[in-house]
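Asker: Now for the letters of each chain:
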Amino acid sequence: MKLLTTTNRYYLALATVLFVLGTGVLYVGMQKILADEVDEQLELHQSYVSKRIQETRALPPITDPTELTLSRKPHRTGLGDTVLFDPVERSSVPFRELTFPVTVQGQPYWITLRKSLIETEDVLEVVLTVMLVVMGLLFSSLVLLNRWLSRWLWAPFQQTLGVLRGYQLQQPQSLALPPTPIDEFSELNQAVTQLTQRVAADYRALKEFTENAAHETQTPLAIMQAKLEQLMQLPELPETAAESVHDLYRAALRLSRLHQALTLLSKIENRQFTDAAPLRLDELVADKLAQLQDFLEAKEIEPQLLLTAPLAVVMHPSLADSLVSNLLQNAIKHNLQKGGLQVTVTANTLDVVNTGPPLSGDPMQLLGRFRKHNAASDSPGLGLSIVQQICTHYGFRLRYTFAAPESLHTLHVEFR
Amino acid sequence: MKVLIVEDEVPLRTTLLEFLRHGGYVCETAESYQQAHEKIKLYQYDCVLIDLTLPDGNGLNLVRTLKADKSEAGVLIISARDALDDKVQGLELGADDYLPKPFHLAELNARLRAILRRRQFQGQRHLAFRDLTVFPEQALVLVHDQPVTLTRKEYDLLLFFLANPNRVLTKEAIAEHIWGDAADMADSFDFIYTHLKNLRKKLQELGADNYIRTIYGLGYKLETE
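If you read the sequences in order, they're chains L and R.
Note that this note's numbering has the first sequence beginning at 1, numbered continuously upward.
Note that this note's numbering has the second sequence beginning at 1, numbered continuously upward.
Everything labelled a hint here was simulated from the structure, so no lab data went into it.
Computed from a predicted structure; not experimentally measured.
Backbone N, C-alpha and C fix where the C-beta goes; we use that ideal spot for every residue, glycine too.
Careful: at least some of the hints might be erroneous.
[What the hints assert, rightly or not] Computed list of lysine to any residue pairs in SDA-like fashion (alpha-carbon distance at most 20 Å, straight line):
#	chain 1	residue 1	chain 2	residue 2
1	R	Lys-67	R	Gln-35
2	L	Lys-333	L	Arg-271
3	L	Lys-227	R	Gly-217
4	R	Lys-153	L	Leu-79
5	R	Lys-221	L	Leu-231
6	L	Lys-207	R	Lys-67
7	R	Lys-87	L	Gln-293
8	L	Lys-207	R	Lys-87
9	L	Lys-299	R	Asp-190
10	R	Lys-171	L	Leu-231
11	R	Lys-171	L	Thr-99
12	L	Lys-227	R	Glu-9
13	R	Lys-171	L	Leu-228
14	R	Lys-87	L	Asp-321
15	L	Lys-299	R	Phe-189
16	L	Lys-32	L	Leu-79
17	R	Lys-202	R	Gly-217
18	R	Lys-153	L	Arg-271
19	L	Lys-333	R	Val-10
20	L	Lys-299	R	Lys-67
21	R	Lys-171	L	Asp-247
22	L	Lys-227	R	Leu-116
[Stated by the list, open to error] Distance windows between CB atoms, simulated:
#	chain 1	residue 1	chain 2	residue 2	range
23	R	Gly-207	L	Glu-208	40 to 48 Å
24	R	Val-88	L	Trp-152	44 to 52 Å
25	R	Glu-223	L	Pro-405	51 to 59 Å
26	R	Val-88	L	Asp-247	32 to 40 Å
27	R	Asn-58	L	Glu-302	43 to 51 Å
28	L	Val-314	R	Thr-214	44 to 52 Å
29	R	Asn-58	L	Gln-291	29 to 37 Å
30	L	Glu-208	R	Gly-180	25 to 33 Å
31	R	Tyr-43	L	Leu-307	37 to 45 Å
32	L	Gly-368	R	Asp-181	27 to 35 Å
Go ahead and model the full structure; you've got the sequences and the hints to work with.
Answerer: Structure (C-alpha cells):
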C-alpha cells in the first residue's frame, strides 16, 4: 500500500471519529442551551401572566390554544415536554410547557404555557449541515494537499530511489544525488551516499585482494613451472630424478589450475562479470562437444546431441563458455568407458545426461566446493561449483539428479 | 632476433633469459617500468615481453608507449592478472598476444614465434626444418617438396614442435597447447600419442626421418640431428 493511502486512511478514520464526537457534543450542548433558553422564556411569560392576573383580576385571553390553555382540573405543575399536532406545520411538534396554578375570584385555575421547539430543531439541522460540509471540505482539501505535497515534496525521495535502482557497484563513479532542502531527505541522501561509498570501497578492496592474491600466487607458480621445465631439459638429468621433477611439475600445474578455479569462483561471487552479451548456447554446446572429440574418443563415448530449439541467453561470454565446458567436461570425465552421453537443448533448458558410477546420497551435495564422488580423483571438485555459482549469478536453476537403475546422472539447467 | 624481457621477478626473469638465449634470441631485460620505458625509447626490438604488474607502474602503459611511437616491435603480454579487462584492454591497445601466468615455456616460445613470423618474415613466410617446409600462412606442409595432408590437430602439433626444436615437450604442455583449458580433464594423454603416431606416419610415408623422439616419462622432443 502506498504511504499516502495509508496516511489518508488514518486521517479519514480520525476525522470520522472526531466528527461524530464533535457533532454529538455540539448537538447535546446546543439542545441544552436552546432548552434552557425556552425554559427561561416560559418562566418570563409566567411572571408576565401572573402579573396581569393580579392587576386585572381576570383570566388572560386565549389567543392561541397551543400557546396558552386554562384548566380547572388540577395539573402537575412545573416544566415538562409534550408533543402536539401543529395545524400550521401539519405535523406533531415537540413543545416545552410550564404549568402553574392561579386563583381568580376565589376559583383555582391551572395555566399551561407552551412554546414550540421546532425552531431549535431547525437550528440543530443547520449546525449539522454546516459541520458536515466543513468536514467534507476539510478532508477533501487535505487529500488534495497531500497529493500535491507527495508529488513535490517527495520528489527528492523518488529521485534517490531512481538513482539507487540504477546504481552499479562496478561503476567507478560514486552516487550523484541532487541536493534537497528537506532535512530528512538530505539526511537520507547523505546516509545512502556514505553507505554506497563504503560498499564501493569494500568491493574495490575485495577485488584488489583477489587480483593481488591471484598475482602473488601465480607468480611463484610461474617460477616453479618454468624452472621445472628447464630442469627437464637437462640431458644429464638422471631418469630417477626426471620422474620426481615431472611429478613436481604436474603438482605445480594442478595447484595452478586449482587456484585459477578458486579465483574464478570468487570473481563470480564478487559479481565482477558484468558485461553480458546475447549468446546462442545451443551453438556453444555443439562447438564445445566438437572440441572435446578427442576426450570422447578416448573413452569411446558416442555423444547424442538433441537441439530442439535455439537457446538464446544474455551472459558474459567467458562465463557462458565456463558453464558449458564445465558441464560437458564433468559428463565426460566422470563417465564410464563406452558410456553414454546425451545433451538436450530446448528453448530454455539444457540437460546433460551421462552414465557414471552409482551414487549414494543427495547428488545436489556434489555441487559444493571440493565435493567429489571419488575422493581419490585428481580433480579438485570445483567444476560443478563453478556451474552452480554461474547459475546463481544469473538466476538460472540447476538440478542434479541420479537415476539408480541405469546409473544415469542428469544435470538440468533452466534458464528462467 | 632481439627480444626485451620486462619482468620484475628475478627467478622468472633469469629463467626466461636463459630459455630465450638458448633458443637463439638476443635478449635484454628490464626489471622495472622505468628501465623498460628507457629501453624501448632508446632501442629497437623485434618483440617485447611485458609483465603487467611492475613495482613502479602498469605494463599496459609500455604497450601504449610502443604504439604511440609506432614501434615495429611485437608485443606479448605475460601476466598473472588474468582479469578479462586486462586481457581485452591489452589486446585493444595493440598487444599481439596475451599469455596468463603460469605458462609453459614451450607455449611462450610458440606464441613468440607466431608474433615474430607475422611481423618479420614479410615476403618469405615459410619455415624450413630438415626435409620439411611449412608455409604457415597457407597451413601447407611439404616433405621433400611433396604436400602432406594433416588434420588441424596434427598440424598444430607439428608447428608446436617446430617452434621448440631440441626441447622436451611435456605431454601436459602439448595438451594445453592443443586443447586449452579442457586439457586438465584428461586422465591420460593417450590421444596425444594417437595424433603423434598419425603425424609421424604421414611424414615418414613421404620419406621424412622420424624426428620426434619419445622421452620416457617426460614427453617428446623434436631432434635437429
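Asker: Would you mind marking each hint as holding or not holding in the structure?
Answerer: Evaluation of the provided hints:
Simply put, Lys-67(R) and Gln-35(R) have alpha-carbon atoms about 18 Å apart, close enough for the 20 Å limit, and the pair holds. Taking the CA atoms of Lys-333(L) and Arg-271(L), the gap is near 29 Å; set against the 20 Å cutoff, the hint is violated. At most 20 Å may separate the alpha-carbon atoms for a hinted pair to count; Lys-227(L) and Gly-217(R) meet this at roughly 18 Å. Of the pairs offered as hints, the one joining Lys-153(R) and Leu-79(L) is violated, with about 123 Å between alpha carbons and a cut-off of 20 Å exceeded.
The suggested pairing of Lys-221(R) with Leu-231(L) holds, with an alpha-carbon distance near 15 Å, which does not exceed 20 Å. With a C-alpha separation of about 29 Å, the suggested pairing of Lys-207(L) with Lys-67(R) is violated against the 20 Å cut-off. About 28 Å separates the Cα atoms of Lys-87(R) and Gln-293(L), which puts this hinted pair outside 20 Å; it is violated. Note on Lys-207(L) and Lys-87(R): the hinted pairing holds, with a Cα-Cα distance of about 16 Å set against a maximum of 20 Å.
A C-alpha spacing of about 11 Å is found between Lys-299(L) and Asp-190(R), which places the hinted pair at or below 20 Å, so the restraint holds. Using a Cα cut-off of 20 Å, the hinted pair Lys-171(R) and Leu-231(L) holds, with the two alpha carbons roughly 16 Å apart. Taking the CA atoms of Lys-171(R) and Thr-99(L), the gap is about 129 Å. The hint is violated against a cut of 20 Å. Only pairs whose Cα atoms come within 20 Å are accepted, and Lys-227(L) paired with Glu-9(R) is accepted, the gap being roughly 13 Å.
Our distance criterion of 20 Å between C-alpha atoms is met by Lys-171(R) and Leu-228(L), whose separation comes to about 14 Å. For the hint pairing Lys-87(R) with Asp-321(L), the CA-to-CA distance comes to about 16 Å; that is within 20 Å, so the pair holds. A C-alpha spacing of about 12 Å is found between Lys-299(L) and Phe-189(R), which places the hinted pair at or below 20 Å, so the restraint holds. Our distance criterion of 20 Å between C-alpha atoms is met by Lys-32(L) and Leu-79(L), whose separation comes to about 14 Å.
Pair hint Lys-202(R) plus Gly-217(R) does not hold up; C-alpha atoms about 25 Å apart against a cutoff of 20 Å. At most 20 Å may separate the alpha-carbon atoms for a hinted pair to count; Lys-153(R) and Arg-271(L) exceed this at roughly 36 Å. Straight-line distance between C-alpha atoms of Lys-333(L) and Val-10(R) comes to about 39 Å, which puts the hinted pair past the 20 Å bound. Straight-line distance between C-alpha atoms of Lys-299(L) and Lys-67(R) comes to about 48 Å, which puts the hinted pair past the 20 Å bound.
With a CA separation close to 12 Å, the supplied pair Lys-171(R) and Asp-247(L) stays within the 20 Å bound. Between Lys-227(L) and Leu-116(R), the direct Cα distance comes to roughly 25 Å. Violation of the 20 Å bound is thereby established for this hinted pair. Checked against the hint of 40 to 48 Å, the C-beta distance between Gly-207(R) and Glu-208(L) comes to roughly 59 Å, which is inconsistent with it. Against the hinted window of 44 to 52 Å, the Cβ-Cβ separation of Val-88(R) and Trp-152(L) comes to about 46 Å, which satisfies the hint.
Checking the proposed 51 to 59 Å range against Glu-223(R) and Pro-405(L) shows it holds: the Cβ atoms sit about 55 Å from each other. At about 36 Å, the CB distance of Val-88(R) to Asp-247(L) agrees with the hint of 32 to 40 Å. A beta carbon spacing of about 50 Å between Asn-58(R) and Glu-302(L) agrees with the range 43 to 51 Å that was offered as a hint. Look at Val-314(L) against Thr-214(R): about 48 Å separates their beta carbons, and that is inside 44 to 52 Å.
A hinted range of 29 to 37 Å for the beta carbons of Asn-58(R) and Gln-291(L) is consistent with their spacing of about 34 Å. Separated by about 28 Å at the C-beta atoms, Glu-208(L) and Gly-180(R) satisfy the suggested range of 25 to 33 Å. For the pair Tyr-43(R) and Leu-307(L), the beta carbons lie near 55 Å from each other, so the given range of 37 to 45 Å is not met. The hinted range of 27 to 35 Å is not satisfied by Gly-368(L) and Asp-181(R), whose Cβ atoms lie roughly 22 Å apart.
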